[in-house]
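Number of protein chains: 4
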Amino acid sequence: MKIGIYGATGYSGMQLVSLLKRHPHAEIVFLSSNRFAGKKFSQLYTKFSGMIDDVLLDEESTYPLLTKVDLVFLALPHGVSMRYVKKIKNIDKDIKIIDLSGDFRLQDSDIYEHWYGFDHLIKNSIKDFAYGLPEINRDAIKNAQYVANPGCFPTSMILPLYPLVNEDIIEGKIIVDSKTGVSGAGRKESQNFLFSEVQDSTYAYKTGSHRHSPEVVETIKDFTGKQINFLFSPHIVPATRGIYSTIYVNLKNGITLEDIQKTYNDYYKDEHFIELVDYIPSTKDVNRSNKNFIHFEYDNLTETLIIYSTIDNLMKGASSQAIQNMNIMYGLEETMGIDFDLFYI
Amino acid sequence: MKIGIYGATGYSGMQLVSLLKRHPHAEIVFLSSNRFAGKKFSQLYTKFSGMIDDVLLDEESTYPLLTKVDLVFLALPHGVSMRYVKKIKNIDKDIKIIDLSGDFRLQDSDIYEHWYGFDHLIKNSIKDFAYGLPEINRDAIKNAQYVANPGCFPTSMILPLYPLVNEDIIEGKIIVDSKTGVSGAGRKESQNFLFSEVQDSTYAYKTGSHRHSPEVVETIKDFTGKQINFLFSPHIVPATRGIYSTIYVNLKNGITLEDIQKTYNDYYKDEHFIELVDYIPSTKDVNRSNKNFIHFEYDNLTETLIIYSTIDNLMKGASSQAIQNMNIMYGLEETMGIDFDLFYI
Amino acid sequence: MKIGIYGATGYSGMQLVSLLKRHPHAEIVFLSSNRFAGKKFSQLYTKFSGMIDDVLLDEESTYPLLTKVDLVFLALPHGVSMRYVKKIKNIDKDIKIIDLSGDFRLQDSDIYEHWYGFDHLIKNSIKDFAYGLPEINRDAIKNAQYVANPGCFPTSMILPLYPLVNEDIIEGKIIVDSKTGVSGAGRKESQNFLFSEVQDSTYAYKTGSHRHSPEVVETIKDFTGKQINFLFSPHIVPATRGIYSTIYVNLKNGITLEDIQKTYNDYYKDEHFIELVDYIPSTKDVNRSNKNFIHFEYDNLTETLIIYSTIDNLMKGASSQAIQNMNIMYGLEETMGIDFDLFYI
Amino acid sequence: MKIGIYGATGYSGMQLVSLLKRHPHAEIVFLSSNRFAGKKFSQLYTKFSGMIDDVLLDEESTYPLLTKVDLVFLALPHGVSMRYVKKIKNIDKDIKIIDLSGDFRLQDSDIYEHWYGFDHLIKNSIKDFAYGLPEINRDAIKNAQYVANPGCFPTSMILPLYPLVNEDIIEGKIIVDSKTGVSGAGRKESQNFLFSEVQDSTYAYKTGSHRHSPEVVETIKDFTGKQINFLFSPHIVPATRGIYSTIYVNLKNGITLEDIQKTYNDYYKDEHFIELVDYIPSTKDVNRSNKNFIHFEYDNLTETLIIYSTIDNLMKGASSQAIQNMNIMYGLEETMGIDFDLFYI
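Residue numbers (the numbering used here), protein chains in the order written: chain A, 12 to 356; chain B, 12 to 356; chain C, 12 to 356; chain D, 12 to 356.
It is possible that part of the hints are untrue.
Which copy? The list can't say, so a pair holds if one copy fits it or any two copies do.
Stated by the list, open to error - The list that follows gives simulated cross-link-like pairs (lysine to any residue, SDA-like), each with its CA atoms no further than 20 Å apart:
#1 Lys-32 / Met-347
#2 Lys-32 / Asp-350
#3 Lys-263 / Val-288
#4 Lys-32 / Leu-353
#5 Lys-138 / Tyr-157
#6 Lys-263 / Tyr-275
#7 Lys-97 / Ile-137
#8 Lys-263 / Thr-313
#9 Lys-32 / Glu-344
#10 Lys-263 / Leu-242
Treat the hints as calculated values from the structure; they're not laboratory data.
My request is simple: use the sequences and hints to build the entire structure.
Below is the structure:
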């Protein structure tokens, strides 16, 4: 299918472009970036010299092309994305959209406006977006015209939590202590993410106030009907890639570890991109792949179930998951163009 | 005072040597290493060429020197240290000892033997060791002949937890999710800690089963009389230095954040090496210093108090804390030779 | 074709395995490792769980399988490889071999023995090995039963130097100052390559005495008939991947930069894996790809031509180049299974 | 003495402040930063909370304080510094100045204007600045009111080159291939120096056109009367600290390695901050110290002398060298406040 990509020059956009360029069924029609319009993509990412030399278009220049593409990806900032969606829908009502921002992940626009601080420009459209987490929402994605691609942290948390909440086998407070590399902060100029600042630096930020917190709570409520008592505590570690979520929960009375294992097997044993492993995983297990590795252990002393979940923030946490959604929307092999785990180091 | 150092060639030993070399009142009489006996210290750490060219002695060669030193530091592996202590005490009953291993941190030798897997060789001596965490045990250290220097993780956890447990203002399960750089694993040959393996790698290990877990529980019991319900969950992050402990606790009914703040102020406001900061700290705040930075926030939704505590694992978590103890034992200015925060990057 | 891989568990071996697993025409029959025989490949590299779970065979166990494979790759240490080659040839005289060690790169066994310090076990076989640098030796590789895959540094140096020497347009001393990440040192236990040692560490080693020096000199002599006056000066930098060679040469009288550009164009314009770029490249341009980026500048003041050449040491410098050779040997599309540049970061 | 520091918030300024704060004879009267005026220094570098809480003053606010300070340090950008110098001299003609920029390093203002692209505002003052490289210009510094602190790269090159040029024992082209960590680029917002961009990235830049090139040539001419034929080729490596210069030179006919060794001994054997080592050094040998480690080897094949020289770019390459100069100007022990090598890792 023919594809346009907005926000092609951030890290997620770049990763999306480089993957789609090799996808057997995707044909890139345009790459768009207002900031770098007129430059070649390969001038911004010289690695792609001779391979992705497309000239970047500004927003306006893409309008005439919209009717020639089947699908657009939006790798734009929160708040900006919805403005593009509004415009694009007006120009071509049949076009498919996969949005990588947070603008259409929360079904309740009040919650969106509270956490994101923007007025939502097209509240009525939110319900038309399927939440793009294939392992729990594949059927809806299959039939969706619009998909809201999940946040990176939420992907790492919802996948391990959803089966346990849905089966009603955990209770009480859920604490998630997540660690992320800095590529999630993007490629924009910044002091905080300079190499000299990040090296040997580990710290928490936005404990309890990160926008990915309501995404987890609301999504789990949407899919299970249950309200969780949830604390999300993200941290920065001196890495480029990788999200590692350590999840602390309590089992309901009578629930055994066999029940947990069985639940995970029932939900995920056949999922190509989820590995239920019998050791504590590392972000290195998933770097540069579309995989999610999950493991759990039980601490007898404190009666706590600890779940370890890791993904690559730019892949399963953003770009390759977006392609997984595209594959599903078009009835392609779900793994097409994203099924490699080539690089351990 | 005259000093001997055993285990001088590991990272903790090396850090201790380099600090003591500049300490106004310390005079190094010998450096010992069985593995590298006969080599100069500066052959192992070429940085110190022309500055610390002492030849390393094997264990036996140090015996005749023991009566000429006032104090020995032991930066030896767990299980090895107690053997040295036994021997050294026999040779010189007046010598002072600061032990950086875990061999004398647990007053109950059964607990030691359970968690460390060794028979304790000199059970009767354990009680003669003061737990060397000055901010909670200064008086005992002052009068001690023997000091058990705390573990790196425990230092980062006991300092923030002790006041709250002692004042009886928290309750229920305590979860600590700690992140550490890899220098704590030492300088020995290893595959797991190769640069190529560590870069972009984050992972949990020994959840609930790390030896530093009983050290926290037992020490807090010794100092407060209270048994805590405690889960310790350590992680490796791709850094050389720094420990970051994120602590999740519940407040007792009626306890306010003002109570927490007041408690910390009461205990630590005048402590030179503890900073109670009004922002979420980073390991970068304490790298290469003897400081502990502490901050707390409250999550209303889940009614959870989150405490952030960070130290440098080789400094406050090992070597500079050992010197702080030495200073106290000898009635010196407590900050002598360890009071610098010279390097932000 | 059916394939066996010896030395599958080092970094080069692992990279080779992960690439071949996705190669459309390759079928892995066995993976061999004496050290880890009996373990699954995915136990050593957990990332490949569920994907490459082959059990590693020891040397002996592979013998019966040799007649069932078309081609073996040897990713073994220097000196070990020739012993395997001898044995394998005896068992199956028709089998194809691609050797990634240095044992068959130097046509003159005296030079080999001088620089490697081993007696060569099968001197008569050396001449049967084609030097596996496709861009300068494609025809020989096409018809070869045995290929000696080039060293990582030599690949980065011979590609830019060969055209200039062959056209006889440079003269005098050639100085190459190379910088490499540490993955080239492999995955074996080591103190020098611990994360804490490598971080913030840059240093030269083996200036003028590295085994890759004669490989460059002899290969260039074999292919051009000319003896170069050559100084190779390698350095370690705190990176996992990437080789960067900065080459300082003098132009012959009357030679212009246009001549240089024309020469490179003539030799390499149509080479898929060589990019002649108009800016100073970075190792980031080639990380995790089979590419070699080349650029040159001229310093008028000192009349020096400076050439910048960069490759990924594990890819074009080892494993993907080995597959490029395989593709050529089997008449496949040369880019098959190795033509991706997916990851900028 | 009483001190003011301009440009206190860049990395060099910060390093200077943290060192001076501990200097036994220095008293900081003011810290200045136009950009961050009104903030506390410890808000920008939280590590120094409770230790360096001085409020940053804008330029104007410092004027009334100038008559109360003995010495000002300028850690300002090139081109900005000379404007400050002009103003400061007007306000207080007796004040001492140590300038860390490039504005007063080149005695010939034409050369300055050519390489820096600015008109020089106070050409007549240039001659009043002593070049602040103590090991070759100590006497002039001792009597100087104004000192131009050397560039980081030039320090690493002039120290090893000066004795050989001065003794007239090398000839022909001098090639210096330098590698630097990224802290030299400062703390300003930037895309190029983001962690994700720097990790696993090595590249050359400004070959033959870096401003530090004329600084080396002119300084060596000033001090030896000789014009060198010099190519400076800097590279970025993924490190925070450290400069490593690999220097390729030719010996004059009849000169032996003993002559080289003797020359270095004659010039530097008694220099506290220069170590002539008998192995190839690493940046790790000098990180966070004021040292310069020098070693040389000879390549018989190409008759090339290779000299390895390494410094910490923020210390001997900037801030601690500035303090060394201050110590000399005030007749203090030259090592005062800068003589530590505390941190190997």
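Copy assignment of Lys-263 with Tyr-275, given that the CA separation must stay at most 20 Å: within (16 Å within a copy, 36 Å between copies)
Homo-oligomer pair classification [Ile-137, Lys-97; C-alpha up to 20 Å]: within (11 Å within a copy, 62 Å between copies)
At 20 Å max between alpha carbons, let me know whether Lys-263 reaches Val-288 within a copy, between copies, both or neither. neither (23 Å within a copy, 38 Å between copies)
When Cα atoms must be at most 20 Å apart, do Lys-32 and Glu-344 count as within-copy, between-copy, both, or neither? Both: 17 Å inside a chain and 19 Å across chains, each within 20 Å.
Reference check for the pair Lys-263 and Leu-242, CA-CA at most 20 Å: within, between, both, or neither? Classified as both; 19 Å inside a copy, 19 Å across copies.
Cα distance capped at 20 Å. Does Lys-32 pair with Leu-353 within a copy, between copies, both, or neither? Both: 17 Å inside a chain and 9 Å across chains, each within 20 Å.
Check Lys-32 against Met-347 for me: Cα-Cα at most 20 Å, and say if that holds within a copy, between copies, both or neither. Both, since 12 Å and 16 Å are each at most 20 Å.
Given identical chains, is Lys-263 near Thr-313, meaning Cα to Cα at most 20 Å, within a copy, between copies, both, or neither? Intra 14 Å, inter 18 Å, cutoff 20 Å: intra and inter.
For the identical chains here, do Lys-32 and Asp-350 meet the 20 Å Cα criterion within one copy, between copies, both, or neither? both (14 Å within a copy, 12 Å between copies)
Measure nothing new, just compare the shortest in-copy and cross-copy C-alpha distances for Lys-138 and Tyr-157 to 20 Å and report within, between, both or neither. The answer is within: 10 Å in one copy meets 20 Å, while 62 Å across copies does not.
Checked against the numbered hints listed earlier, the structure breaks hint 3 alone; every other hint is satisfied.
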